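S.K.: As a plain string of letters, each chain reads:
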Amino acid sequence: MMLRAAGGVIATAVAVLPCAAGAVTLESLQGATIEATSMYDTHIRLDGREFDAQTRWSVRLSIAAAGAFNASFVRTAIYQGREKGSLNRSLAGTIGTPQQAGKGHAVWLLAGDKLILLRTFEAGGFKAEITLSPDGNGCSMRAPLAREVGAGNTRMQSASRPGSQVEVLSATQASSTCKVSR
Amino acid sequence: MTVRPLAAGVAVVLASLLAAAAPAQAQTPGACFEVVAAQAGVQPAILVDKCSGKTWQLIKGRRGAYRWTALSHDDGAPAASAAAAPATGAGKCFTFEGRKFCE
Chain A
1 MMLRAAGGVI ATAVAVLPCA AGAVTLESLQ GATIEATSMY DTHIRLDGRE
51 FDAQTRWSVR LSIAAAGAFN ASFVRTAIYQ GREKGSLNRS LAGTIGTPQQ
101 AGKGHAVWLL AGDKLILLRT FEAGGFKAEI TLSPDGNGCS MRAPLAREVG
151 AGNTRMQSAS RPGSQVEVLS ATQASSTCKV SR
Chain B
183 MTVRPLAAGV AVVLASLLAA AAPAQAQTPG ACFEVVAAQA GVQPAILVDK
233 CSGKTWQLIK GRRGAYRWTA LSHDDGAPAA SAAAAPATGA GKCFTFEGRK
283 FCE
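One line per chain: the protein sequences are A and B, in this order.
The C-terminal residue of the first sequence carries number 182 in the numbering used here, and the numbering is unbroken.
The C-terminal residue of the second sequence carries number 285 in the numbering used here, and the numbering is unbroken.
I should point out that these hints are in silico values taken from the structure, not numbers from a laboratory.
Predicted model, so just to flag it, every value in this text is computed and none were measured.
Idealized CB from N, CA, C, for every residue including glycine.
Heads up, a few of these hints could be off.
Here are the computed distance ranges between Cβ atoms for each label pair [as the list claims (entries may be wrong)]:
hint : chain 1 : residue 1 : chain 2 : residue 2 : range
1    : B       : 280       : A       : 135       : 20 to 28 Å
2    : A       : 122       : B       : 285       : 12 to 20 Å
3    : B       : 285       : A       : 100       : 19 to 27 Å
4    : B       : 284       : A       : 43        : 14 to 22 Å
5    : A       : 52        : B       : 280       : 16 to 24 Å
6    : A       : 85        : B       : 280       : 29 to 37 Å
Distance condition first, Cα-Cα at most 25 Å in a straight line; then the derived SDA-like pairs of lysine to any residue [to be verified]:
hint : chain 1 : residue 1 : chain 2 : residue 2
7    : A       : 179       : A       : 31
8    : A       : 103       : B       : 274
9    : B       : 274       : A       : 98
10   : B       : 274       : A       : 84
11   : A       : 84        : A       : 155
12   : B       : 274       : A       : 144
13   : B       : 274       : A       : 167
14   : A       : 103       : B       : 220
15   : B       : 274       : A       : 151
Work the whole structure out from these sequences, hints included.
M.R.: Shown next, in the form of structure tokens:
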């Protein structure tokens, strides 16, 4: 009786929880370096003035054993086709472990065939979804900014004016690149 | 010999799933929930209610039974033990450090 009930319960649980087959794993990522760039068309407010501008965000992520990683990020402000400044940041940590990143936090996660970066700023956040190809040698990236519920516009440090805070009124991902090397 | 504890443990998981699903089914039947698979040694399985923003993580108890443990209180305030636990899925929203973000 108990065994029969258990069988039904297990079948139900398996139907609810997704199969891990084909998923990205720490083992499959070991030794990989992912380089990705995303370009945004933005409308921003900086020091009380509003601008249409572009932002380029780049990441280089190297993954070692057991999910240990080294990541470097560059965010570049572009106005009327000219680079106006950039912010560089490096993080070392472990996939799945949240950590402080500037005035916000960051964490890398694995979910299915995706490697996901969640990043928060002073207000608002960012989610980069890097989708790995089945053979693990290719990737694509979708990286939308995310408004924080109840916090108004996204705010972060300015890449063009050190010490200032930029308010992002809108941001649309215009293009992206992604590659994997081993 | 091992069937009884296994059955009990899985029964708790199912009961928890059903209990967690019940409130949301009243809003949007079957469309709200998404499970993010566990990664051994990295993150537990995470259950996200995309309709309400509530999240749970699958925790193994002392007796081996698995339970969905809420990452936030019903009023939306972060639980003290869950402040650093992120939850995301294929949806437009995620929660992180007790803050909720939507595309």
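S.K.: Determine for every hint whether it applies to the structure shown.
M.R.: Here is how each hint holds up against the structure:
{"no.": "1", "hint": "B:280 with A:135: 20 to 28 Å", "result": "violated (38 Å)"}
{"no.": "2", "hint": "A:122 with B:285: 12 to 20 Å", "result": "holds (19 Å)"}
{"no.": "3", "hint": "B:285 with A:100: 19 to 27 Å", "result": "holds (24 Å)"}
{"no.": "4", "hint": "B:284 with A:43: 14 to 22 Å", "result": "holds (19 Å)"}
{"no.": "5", "hint": "A:52 with B:280: 16 to 24 Å", "result": "violated (34 Å)"}
{"no.": "6", "hint": "A:85 with B:280: 29 to 37 Å", "result": "holds (32 Å)"}
{"no.": "7", "hint": "A:179 with A:31", "result": "holds (14 Å)"}
{"no.": "8", "hint": "A:103 with B:274", "result": "holds (23 Å)"}
{"no.": "9", "hint": "B:274 with A:98", "result": "holds (20 Å)"}
{"no.": "10", "hint": "B:274 with A:84", "result": "violated (31 Å)"}
{"no.": "11", "hint": "A:84 with A:155", "result": "holds (18 Å)"}
{"no.": "12", "hint": "B:274 with A:144", "result": "holds (10 Å)"}
{"no.": "13", "hint": "B:274 with A:167", "result": "holds (21 Å)"}
{"no.": "14", "hint": "A:103 with B:220", "result": "violated (29 Å)"}
{"no.": "15", "hint": "B:274 with A:151", "result": "holds (17 Å)"}
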